[in-house]
Structures are given as C-alpha cells and as structure tokens.
Amino acid sequence: MRFKFSIIALLLEVVFIILFALFVEYDTENTRLYPFFKDVHVMIFIGFGFLMTFLKKYGFTSVGINMLIAAFGLQWGTLMQGFLHKRGGKIPVNVKSMINADFSTATALISFGAVLGKTNPVQMLLLTLLEIAVFAANEHLVTEIFQATDIGASMTIHAFGAYFGLAVTLILYRPGLKKKHENEESNYHSDIFAMIGTLFLWLFWPSFNSAIADENDRTQTIINTYYALAACVVVTFALSSLLDQRGKFSMVLIQNATLAGGVAVGTCADLTIYPFVAMCIGSIAGIISVLGFRFLTPVLASKLKIQDTCGVHNLHGLPGILGGIAGIIVTAVQPEIKRGVQLTPGNQAAALGSTIGIALLGGALTGAILKLPIWGQVSDQNCFDDSAYWEVPEEEKLHEINSNHYDEHSRFEAIM
Amino acid sequence: MRFKFSIIALLLEVVFIILFALFVEYDTENTRLYPFFKDVHVMIFIGFGFLMTFLKKYGFTSVGINMLIAAFGLQWGTLMQGFLHKRGGKIPVNVKSMINADFSTATALISFGAVLGKTNPVQMLLLTLLEIAVFAANEHLVTEIFQATDIGASMTIHAFGAYFGLAVTLILYRPGLKKKHENEESNYHSDIFAMIGTLFLWLFWPSFNSAIADENDRTQTIINTYYALAACVVVTFALSSLLDQRGKFSMVLIQNATLAGGVAVGTCADLTIYPFVAMCIGSIAGIISVLGFRFLTPVLASKLKIQDTCGVHNLHGLPGILGGIAGIIVTAVQPEIKRGVQLTPGNQAAALGSTIGIALLGGALTGAILKLPIWGQVSDQNCFDDSAYWEVPEEEKLHEINSNHYDEHSRFEAIM
Amino acid sequence: MRFKFSIIALLLEVVFIILFALFVEYDTENTRLYPFFKDVHVMIFIGFGFLMTFLKKYGFTSVGINMLIAAFGLQWGTLMQGFLHKRGGKIPVNVKSMINADFSTATALISFGAVLGKTNPVQMLLLTLLEIAVFAANEHLVTEIFQATDIGASMTIHAFGAYFGLAVTLILYRPGLKKKHENEESNYHSDIFAMIGTLFLWLFWPSFNSAIADENDRTQTIINTYYALAACVVVTFALSSLLDQRGKFSMVLIQNATLAGGVAVGTCADLTIYPFVAMCIGSIAGIISVLGFRFLTPVLASKLKIQDTCGVHNLHGLPGILGGIAGIIVTAVQPEIKRGVQLTPGNQAAALGSTIGIALLGGALTGAILKLPIWGQVSDQNCFDDSAYWEVPEEEKLHEINSNHYDEHSRFEAIM
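Residue numbers (numbering that gives the first Met the number 0), protein chains in the order written: chain A, 0 to 415; chain B, 0 to 415; chain C, 0 to 415.
Isolated chain A (complex conformation) (with noise of 0.2 angstroms):
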C-alpha cells in the first residue's frame, strides 16, 4: 500500500491545489451561517467519526479515515459543486459552500459504513471521488431539475450514501465473511466511544436540517427535528427492549436507531407539519429503524450478499425513503411555495426514485472499480482490524501472549 497510497493521495492533492488557484475565489457572504456550519463539521468529523469507533480493533480506521475522507472529499465536493453552480466562470466560496461541501462528504461517509473494514485506504479515496461526483450532479437534478424540496437531505445525503454504499459493498461481496469475523463486534469501552459520535450526531441534527434552510423557516425547522428526534429516541428504547426476549437493550440500536428521527424529518423539515407530526415521522423512523437491524441486516447478508458493517440501510437508507415519502405525502396534502417554486407530489417521487436508482447505478459502478485487483484488497482475516494499516500499539499483542497462556494453562490443567 505505501507507494499506492501516498502517490494517489499526493497526486490528487496537487490536483487540487491547482483546480483551486484556477477556479475558485472568496465570497463577499458573511458569516451568518458560521454557527451552523461548525455544527455540521463537528457531525462530520467527531460524529461521523466516534459512530463507527464501536467496532473493538478498528477505531483507529474509523475515526482516522472518516477524517482523511471528509478532508479530501470537502475539497473535492467544492470543486464538483462548484462547476455547477460557477459565477462568470468562477467559483466563489463562503461559509455557506463550506456547509455544503462538508455535506457533500457526508455521503461518503454513509456509504464507509456499510462497507467498514472491508476496503483499503486506497479505495476509500476513489470511492470519495467518485461518489461526490456522483452526488453533485444528483442533487443538481432534484434541486434544480426536478425542483424538489430536500431541506435536510434525506433523499439526497442519506438515501443516496446508503444505497449507493450498499451497491458497492455488494459488488466487493466477501463470502469468506458470511461466518461473522470475530473482530466484527464491539467491547465495553469501544461502545461508549460510539457513543461519542451518536450524541454529537443526535444533538447538532437541528442544525443539520435548517443549515441552508431559508431564515424564515429556520425556526419551525429546527423544532420539527428536535421533537422528531426525541420521539425516536423514546421508540426505539422501547422497541430494543420489547424485542429482546430478556427485555435487555442493545447498545446498536441505541448508537443508531435514536438518529432515524433525523433523518426522516430532514425532507419535511422546513414545511409547516407542526410539531406532533413530525414526532410522528420520527417514531415511524425510530420502528423501522430497529426492525431493519434486527430483522432486514441478517437477511441481506445472507440471502442477497449485501454485507452492511454499521446498518447504514437502516439508519440512512429506510428512514431516508420514509423522508421521500412523507415528502410526497406532505406536498400532496398541503401545497407549499419553497424557493418560489409550486413543490409537488409527482416532482417529489422523481427526486427520490432518480436518488435511488442513481445511487444503486453509481455504486454498483464504483464497486466494479474498486474490486480491480490493482487497487490491493485487504484479506479477509485481515479486516476489521487496524493493525493491517497502522502501527497498533503493542499492548494488543500482550493480550494475545496473555490469552496464549491462558489457553497453555487450561491445557496444562487439562493434563493435570
């Protein structure tokens, strides 16, 4: 991986640096969204980030990847923006294109957890490239195309990351992992990490649906997804108990169910459902959520070969598609102007189904990429496990030796 890595990644970086110096120039914005942006960027980095630390070997990757991702991506994400909205053939950045070139990272983030563990360093960056490409011309359609209204991007952020995740990680299917690895499980201290990134997640959502929301609406949009968010978190702590047969809860679906409510509301967030409605969207999001971890995952891996590491169909992609539909439904019922524009029930369903296919279509394409053997693959004994792209400390290989003495001492009494 040495010269592989750091060529591309040098390589593309200079790229970069030069697309920059003939493209790109400041803004006169202000920096009224700055606070929201920071919001997003801390989801970005620490939630993105801590979420996917509940795997017990591979925090280093997940926290330190999801960095490496999200830096290279946010400068790629500006540039692919960019070239669709330029301005006298420039273009111009403020903190509001900061915002949505974090956002435009978050897809490949989404899509890094359904193949976590799996893939190299070296895939992670093309898959970046090509997914923001890919999202960009996507959220282009919906938003300019189709003029559908997607405030909080449940269809274009987490359907979209989902799915497309999903596509790849089916083409990279592994069958050596149909038996679980036995790193891909967490441990005490790994899953009160995970939560780390959950909270900071769960608690700047409101930020993330009203981030470029219009300065009227911001206020209902912000409430829609703080009382969305709360019913999901009372739904799916009563779901993980009621469907474990000691009424126990799972620490899986707290880390990730809580969060659906977000993502289901982000669609409707900025339209005037009142509060009750969206805690009704937020506790749908929270049932599926936890239905699709418990029933859905172990399906998919079995019979369709979709190997999801962290659920992402079940955080971003069902309640994602329950936000495009409520988005239908809410458009349909009740005729809002967003924009200046008439939102409509028959543009909503385009923005989700085109979402959806684009995505699978992308990632099945971007799994056939990646799966070229000029890339490298990391084992299959290999993955989930840092040490086969960092220098681990060395305590780990102490447990080892401790557990080898352990088994040695229970042969021994065996003798005995």
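Treat the hints with care, as some may be off.
Pulled a few chain A residues facing chain C out of the computed Cβ check, cut under 10 angstroms [as the list claims (entries may be wrong)]:
# : residue
1 : R1
2 : I16
3 : V23
4 : N29
5 : P120
Calculated directly from the structure, the hints in this document are not laboratory data.
Positions of the beta carbon are idealized from the N, C-alpha and C atoms, including for glycine.
Based on the hints, put chains B and C in the right spot on chain A.
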C-alpha cells in the same frame, strides 16, 4: 422488565403526541437564542451523560438512560411548562421554550445521579414524569408568585434536583448496599470518559446561566460565570491535594467540585456583582463541595441512610443553597430591578425555602411511588451493573473467566 | 507536595481575587464574539487536554492539569494583558478579553506538552505564571511596537509556546530518560481519547484564527483556515504512509501533524492570499511536521538534550516559524493595510525574530527557576505516571498482580 418498560414508554409517547397535536403550535420568534440552546443541549446529553460514566460497569446506563430521560423529559417539560404559560389555549414553542424544556430535564438528570445504579428504567421514566411536573409548578411559584431572580437556576434546578433526588434515594434506602458494592467504583478509562462530561459542562456553563438572561445583562452573566468557574477549579485542586494524606488529587473531586462554582453563581449571575465577587462565590462553592464529598457524603450514607451515588448533594445541593443565599445577600446589599420587579431578600429567601421544601416533599412522594413492587426492583447484587438492562459485549465474561482462572491458579499454588 | 501545592495555589487565587477587586470592571460590549469564544474555550480545555491523553498512564494529568493550568492561567492572563491595556486605571473585561485570556493560556499548554510527564503541579503553576507574563509582553511588542500582523498567532502563541517549552525542557534535561521510559507510550484506547483532542482542535481552528479578526476579514480568514487544514490532512496521511517501511499510518502523526496547517496559516489567515495559497501553506506545514516527528525529534533528544514529550516543536514550533515566514513573503509580495497600518516584511521579520528570541530566553530562565530543588522533582522512575499525583483506581495494581502472576506462571512452567 421487557413488557412493562416498552408498553409504558410507548403509551406515554402516544400520549405526548396527542397532547402535542391538541396544544402545541409554532411560535414565530427568530433563532437568536439558538447558539445558547445548543450549548445547553450539549450539557444535558454529553455533559450529564458522560459525567456519570465514571462507574466502571455502568457506562451504558449512564450515557444511554441519560439520553432516554432527557429525550422523554423534554417533551413532557414542553407540555408542563406550556400549560402554565398557555397563550389563547395553545402552547407556543420556539427556541426559548426548547431551552426551558432542556432545563426541565436537568432536574431529573440530577436526581438520576443520586439514585444511579439502584433504579430500573421504568422507575426512571416515572421519576422524570413526576419530577418535571413538580419542577414546573415550583418554578412558576418562584418566578411568578415570589418574583424572585434565579437566572442560572441555582435554586430551581440545582438545589431542587439534588434534594428531590436525595429524598427519593432515602425512601429507596438499601441496607444491602451499606457495605460498598464492588461495582460502585471507577476504573482508569471510565474516569477519563467522565472528564468529557465534566469539561463540556464546565465550558458551556456561561451559556447555561445566560441562556435566558436579558440581552443587556448577558455579557456580565457570561463574565461572572467564567471567572467563578475558573476560581473554583484552582480552589478545588488545592483542597483536593490538601485533604489527602499524600497530597494526591482525587478524580471524583476534579470531576465534580470544579463545577460547583457554576452552580453557586447561578442565582446572581446576571446581577452587577463584579467578577471578584463571582470568584469569591466560586471559591467558596469549591470549598464546600470538596468538604461535602470528603466528610458529609459518608455520614449521610451511614447515619441518615441517604445513599447519594454521584454526590449530587455536593455538586448541586450545597452549591445551589449557597447560590440562593448569595442571592439573598446581594439583593439585600444592593437593590436591583429585573424584568420590571424590585428584587427583595425576602422573596429570594421564600424562593429558596419553598424550593427545598417542595423538592424534599415531591422527592419523598416520588420515592414512595417508585418503591411499589409493581415496577420491579433490581437486586442489590445487580446494582451498578449494566448487564442487568443491557446486552453487554462478551469480553466482560472473559474477564470473569480470567479472574476465576486467577483464583484457581492461586488455589492451585496453594495446593502445591 | 501536599502543602506546597495547595498553599501556593490558594495564595495565588487570593491574590488574583484582590487584583480583580482593585482593577477589573465590566466592559459594555455585546456578545457578538461569544460563539468564537466558545470554540476557543473548547479547544483550550477539550482540545489541548485530550490531545495529551495519548500517554497510557498519564491521562488524568493530561486532562486534569491541563484544566488547572488553563483555569489558573486565564485569570492571570486577564490581569497581565489588562495591565498593558488599562483604561482609566481599570481593566475592562468583555468577551474579546475572555478570548485573549484563553489565548494566553494556550502558550502555557503548548509548553506543557514539551515537559509533559516530567514536571509536578507546583512547577506547572510557576511555569504558567512566568510564561503568560512574558507572552503578554512579547505580544505587546509584536502588535503595538512592531505593528506586525499575526491574526492566528502562528508566532505569538504557537512558535512562542513551543520554543519557550523547548528551552524549559532543555534546562530540565533528565539523562535518566535517555532510554525511552516504559510508560512513555500510548495504548489503543489512549490513542482514541487523543483523537477527541485532535478533532476538536482541527474543527474549531477556523474560529481560533478568526476570533479577533476584523469583521470584514472574518469570512476569508475562516475559508483560508478551512482549506489549509483540509490539504494538511491529506498530505499528512500520504507522508505518514510513505515514510513507514510497511506503508502503515502512525497515530502520533495523524494526531498532531494534521493540525500543522492551522498553525502555519495563522499569520496570513486574514490576508487575501486565496484558498490555493492557504492549501499550499497547509501542505508544506504537514510535510515539515511529519518530517520533524520522524527525523528531528529523535535527534533533538539524543544530540541536543531536548526531550520534547508531545513533539510540540513539530506541531507548533516549525509550523509557527513557517507561518511567520509566510507572513514575511506575503507582505513583501502584496502590500496590505490592516488596522490602519501598512504591513511590511521587515516588521514581520522583527516580530518573528523577537518572538523566538524572547521565548527561548524566557523559557531558559523559567527552566532555571523550575529546577530549584525547593519545588520538588518527580523521580525519573515516576515520570509519565499519574499515580505520582493522583489517586488511581485499583485495577492498575491488579494488572500488575496479573502480570506478576504471568511471570510466576512462566517460572512455574520453567520449573516443570
């Protein structure tokens, strides 16, 4: 617990949604207070949640049930506070009411600290329901009837939450825990996790105290809190070392007593007390908090049957009273008008007295209800152990095997 | 340490309170800068504190004494900076002066990184006291006398703090630590804790650099810092892999060198350098920081007797100088006026030179004072170990027993 918890939680969530549908509407206020809301939000979910992760085997419950209580409570708090301030039969929600909803959950989370490790999730839902109702009534009494000032809620949140929780834990007294439970302690990493909570509480306390202050008073509220907290840290470190035979610092004191300055300066934070008085209040708060942890908590547990897991009496109770007393003194010395009302020491004293009385009474009644056998009680042996309510990763069991192994080995050596 | 530390700390706190009573008054400025203050506040307490938790047995000191130094230092910094900018004999405090107070503590925290593990809390209080006084004088010289620009404080905070700390650690040289101390290393979870620090520093660096920028320059200051940091991350990952024989990433580089871009872009951050130049500065900073960690730090320790625990020379020293040089070049190439003054490369060079000279001199004198036997010195053996100053949970001892057990067992097997 399986059906009891999930049915109660789902039922209450349905009730909340119905009440929201009937009563709650958007208010048109702007998002000017949103930055303050976010800080309070982080304090409630990250601050309180991680502060309690210090227990070595109770981190899932600390951060997870904290999230449940807060998400559940903020919906209920919206309704309870809303019913007392209805406008045309409706409850208008805006960012300020979201701050107040978050505030209301703080009382339940403080009380959670007193009973941490000894109650089940059903009991915690009930406690939250009852405590927030009583809190809303007491806060109405303090601010509307007595017209007392308590901008940082030293009395209405901190002292209230602490004495409510102490009364609950007194009623739920467990003789079986007289001897320290083997799980009622920290380990090295759990203590560092707890510092995440401490620091986010400490950092955003100026926002907590100034969130709903008058615009003109906000700067001095922030300044007073900033310097009170800084002084409190220095004094806490000094006393922590002074009271230890070998001069060593104690993590429990650094995690908790460093925050007492924020609690104690709350009542007077928006008054023109000047930074040096704030620093005096912060210093005294640090002193009484450290002394409370060292000398009072053991006595409360052994003589008064008050088992206060997190020492909320020292962090919220005593400093809250100190804040109330500081309010009495300051309003006696220097007449001030806030929100069109002349502040008087008599009203401040009435507010402090009624708050503690109502908290003790409400807590005792709540404790009696929680003691009913129908809610299920965790056995003494399973206290302070996540595995009673959570699926916990296997390694913990491995540790047990390991230590059994160690014991066997010792026995083996003894045999030799 | 018991009485020495607590009496010195309490005495100084009393002196602070008296000085505040005599000199400090509220300023009437509004809270416009409060969002920037909060980000800096998080960087100081969470960022610096957790960044240093990478040492496996020194997390309590890293995050705890970091808190002590910062809380102590911000009071002292308020006074030191205030005495240089008195108004009618009084020191007016507002949110901007709180930002500057927090800034002043950053110098002491950077120096703390150089001596981490090798000093006691009394020494750290003294270092903070002396360094902040020298910092305030040097900053006055740079901004008022030389009228140089250094908006993100590449020179006055980062280079200053680094070279001050390096001089201190040179004077306090410990031959006994020539061979790497067994505790001077990370473990798996301590490295993840450190990433919390890295990320919060990285995320809020745009606020650090723009906190006290002119309103009109703030957007471009934020943009420059954002892209400099992003480029730095990509380059750091690339070089980290490239310099490792097996192409593996190194956590120490990811934790530190990714931040060098924020340091280096500081001086020019508010100038119209355009994002691509910021990205070049960030990339070069990443390169020199990685090279510093790999090649320079070992040489400094072995040849020059400079034991730099956290490698602050590579994160703050060299990138700080790079920032200063960038400032010289930019002001030479493109004349700009800031705060009514024409910037000149001569003044920038004078600022850089004086900063490093004063830092080295101040650090050497401070080191000489800290070396006095009256403050107590931790033995070489107890370096990098919290248990010298903290009550540490028992488990650590259990680990020792465990490993003794292992040794016994080995011996036992040998006997067999």
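Verification of the supplied hints:
The beta carbon of R1 (chain A) is positioned within 10 angstroms of a beta carbon in chain C (closest approach about 3 angstroms), and the interface hint is therefore held. Interface hint status for I16 (chain A): upheld, as the beta-carbon distance to the closest one in chain C is roughly 5 angstroms, under 10 angstroms. Interface restraint check for V23 (chain A): the shortest CB-CB distance to chain C comes to about 5 angstroms, inside 10 angstroms, so the restraint holds. Contact between N29 (chain A) and chain C, as hinted, is supported at the beta carbon level, the nearest pair being about 7 angstroms apart and thus within 10 angstroms.
A hinted interface residue such as P120 (chain A) counts as satisfied when its beta carbon comes closer than 10 angstroms to some beta carbon of chain C; here the least separation is about 7 angstroms, so the hint holds.
The earlier numbered hints are all upheld by this structure, with none contradicted.
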